[in-house]
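There are 2 protein chains.
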Amino acid sequence: ARPRVGYFYRERHEPSAVAERLRRIRVGDFKSVPAVVRESVSIYEAIVAMFTQNVGSLIVVTEDRVLAGMVSRKDLLKAALGKNDLQQVPVGVIMTRMPNIFMTTPDEPVLDAARKLVQHQVDSLPVVEGFIDEQGDERYEVVGRFTKTNISKLFLDIGKA
Amino acid sequence: ARPRVGYFYRERHEPSAVAERLRRIRVGDFKSVPAVVRESVSIYEAIVAMFTQNVGSLIVVTEDRVLAGMVSRKDLLKAALGKNDLQQVPVGVIMTRMPNIFMTTPDEPVLDAARKLVQHQVDSLPVVEGFIDEQGDERYEVVGRFTKTNISKLFLDIGKA
Chain Z
1 ARPRVGYFYR
11 ERHEPSAVAE
21 RLRRIRVGDF
31 KSVPAVVRES
41 VSIYEAIVAM
51 FTQNVGSLIV
61 VTEDRVLAGM
71 VSRKDLLKAA
81 LGKNDLQQVP
91 VGVIMTRMPN
101 IFMTTPDEPV
111 LDAARKLVQH
121 QVDSLPVVEG
131 FIDEQGDERY
141 EVVGRFTKTN
151 ISKLFLDIGK
161 A
Chain P
162 ARPRVGYFYR
172 ERHEPSAVAE
182 RLRRIRVGDF
192 KSVPAVVRES
202 VSIYEAIVAM
212 FTQNVGSLIV
222 VTEDRVLAGM
232 VSRKDLLKAA
242 LGKNDLQQVP
252 VGVIMTRMPN
262 IFMTTPDEPV
272 LDAARKLVQH
282 QVDSLPVVEG
292 FIDEQGDERY
302 EVVGRFTKTN
312 ISKLFLDIGK
322 A
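Those protein sequences? They're chains Z and P, same order as listed. Counting with the numbering used here, you get residues 1 to 161 for the letters of the first sequence. Counting with the numbering used here, you get residues 162 to 322 for the letters of the second sequence.
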């Protein structure tokens with residue numbers, strides 16, 4: 001099998017104009033609208049939201065739209081197989097919880113966000129803006145999501161350029 | 162919001178060397194090993210295979226490794242919520258069946274395969290090689306899979322170039 005990494009590198013030796021331009025593109029230019037649910041909704045409602053919005057994962061937020069966690073199709077599938085009462089148990093119980101969430105920000109270069117998606121094997125990153133709450137703790141307002149679909153669209157753009 | 166399409170195009174007007182090189186890269190250079198199950202396995206076994214192999218969709222094949230269909234996490238989640246006996250019902254009953262499957266081939270340009278993934282809103286394409294069986298029908302041997310993860314890795318390569 002041919003190597004997957006460095007395919008481009010092998011072919012050219014001077015710096016590439018596209019690569020340089022690519023490094024200047026930010027997540028904020030290419031993010032999607034966030035697909036969110038409150039952490040108090042039931043697992044069943046989360047599953048319905050996932051089908052309705054046709055996304056692979058949902059961002060879970062507190063009542064004031066602050067990032068609380070993430071829940072994936074895989075998490076929901078596991079829950080559906082288990083002994084949970086899907087109508088009663090809140091999605092907050094099964095989600096991956098902060099601070100164990102990989103995030104990005106509107107001004108992060110898309111290449112760095114893409115690296116997070118690939119390295120951590122997740123399909124989606126919440127796009128957040130940090131702020132300090134009244135208790136002096138750092139919290140994150142959810143302003144978008146960045147996915148492998150966003151990268152695929154950008155990839156198609158490069159092919160047209 | 163800024164437009165998502167043509168972001169690159171707006172910045173330059175001469176043909177891009179990277180875009181041209183990109184058009185020469187084939188699916189066969191970047192595909193992954195296929196994650197397959199036989200159409201006779203139960204829905205439950207398919208769910209286990211999906212977790213074990215950590216993939217978002219499985220390629221369903223006949224006994225002789227010919228493409229029969231595809232099953233996604235979404236399909237399995239729907240089945241898990243339904244009235245099916247997951248241990249008894251074969252995955253072939255709930256899969257998306259040929260000829261309703263979007264496919265790619267090892268010699269297709271990655272840009273064309275990427276366009277299929279984005280346009281048809283699927284996460285994965287089976288990579289196939291067509292052949293004619295004894296009955297004179299066209300069938301497809303599964304030789305790999307091509308996903309948005311493959312595109313994301315290629316995208317990272319471009320950034321390094």
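Calculated from the structure, these hints are not laboratory results. For glycine and all other residues, C-beta sits at the position ideal for the given N, C-alpha and C. Treat the hints loosely; a few may be bogus.
Unchecked claim - In silico SDA-like links for lysine to any residue, alpha-carbon gap of 20 Å or less:
#, chain 1, residue 1, chain 2, residue 2
1, P, LYS235, Z, VAL143
2, Z, LYS78, P, LYS244
3, P, LYS314, Z, LYS78
To be verified - Chain Z residues, not near chain P, derived (Cβ > 10 Å throughout):
#, residue
4, ALA17
5, GLU39
6, GLY56
7, ASP85
8, ILE94
9, ASP107
10, GLU108
11, ASP123
12, GLU129
13, GLY130
14, ASP133
15, GLY136
16, GLU138
17, LYS148
18, SER152
19, LEU154
As the list claims (entries may be wrong) - Reference listing, derived: stretches of chain P covered by chain Z, where coverage requires no fewer than 3 residues with Cβ under 8 Å from a Cβ of chain Z:
#, region
20, 220–228
21, 252–264
22, 290–297
**Asked** Can we trust that Z/ILE94 is non-interface, i.e. its beta-carbon lies farther than 10 Å from all of chain P?
**Response** holds, 13 Å
**Prompt:** Are all C-beta atoms of chain P more than 10 Å from that of Z/GLY130?
**Reply:** holds, 22 Å
**Asked** Per the coverage rule (Cβ-Cβ under 8 Å, at least three residues), is the region 220–228 of chain P covered by chain Z?
**Response** violated (count 0)
**Prompt:** In terms of Cβ atoms, is chain P entirely out of 10 Å range of Z/GLY136?
**Reply:** holds, 33 Å
**Whether chain Z covers the region 252–264 of chain P (at least 3 residues having a Cβ closer than 8 Å to its Cβ atoms)** = Our answer is that it is violated, as 0 residues pass the Cβ test (under 8 Å) against chain Z, missing three.
**Request:** Starting from P/LYS314, check that the Cα of Z/LYS78 is at most 20 Å away, please.
**Result:** violated, 28 Å
**Prompt:** Holds or violated: is the Cβ of Z/ASP123 farther than 10 Å from all Cβ atoms of chain P?
**Reply:** Contrary to the label, Z/ASP123 does not stay out of reach of chain P, its closest Cβ about 7 Å off (not over 10 Å).
**Item:** Reported absence of Z/LEU154 from the contact zone with chain P (all CB gaps over 10 Å)
**Value:** Contrary to the label, Z/LEU154 does not stay out of reach of chain P, its closest Cβ about 7 Å off (not over 10 Å).
**Item:** Status of Z/ALA17, Cβ more than 10 Å from any chain P Cβ
**Value:** Check fails; 8 Å does not lie beyond 10 Å.
**Item:** Reported absence of Z/SER152 from the contact zone with chain P (all CB gaps over 10 Å)
**Value:** It is violated; Z/SER152 is separated from chain P by about 5 Å at its closest Cβ, not greater than 10 Å.
**Message:** Is the claim that Z/ASP133 lies outside the interface with chain P correct, judged by CB distances over 10 Å?
**Reply:** Nearest chain P Cβ is 28 Å from Z/ASP133, so the label holds.
**Asked** Far enough from chain P: is every CB of that chain over 10 Å from the CB of Z/GLU39?
**Response** Given that every Cβ of chain P is farther than 10 Å from that of Z/GLU39, nearest at about 20 Å, it holds.
Comparing the model with each earlier hint shows violations of hints 1, 3, 4, 6, 11, 17, 18, 19, 20, 21 and 22; every other hint is respected.
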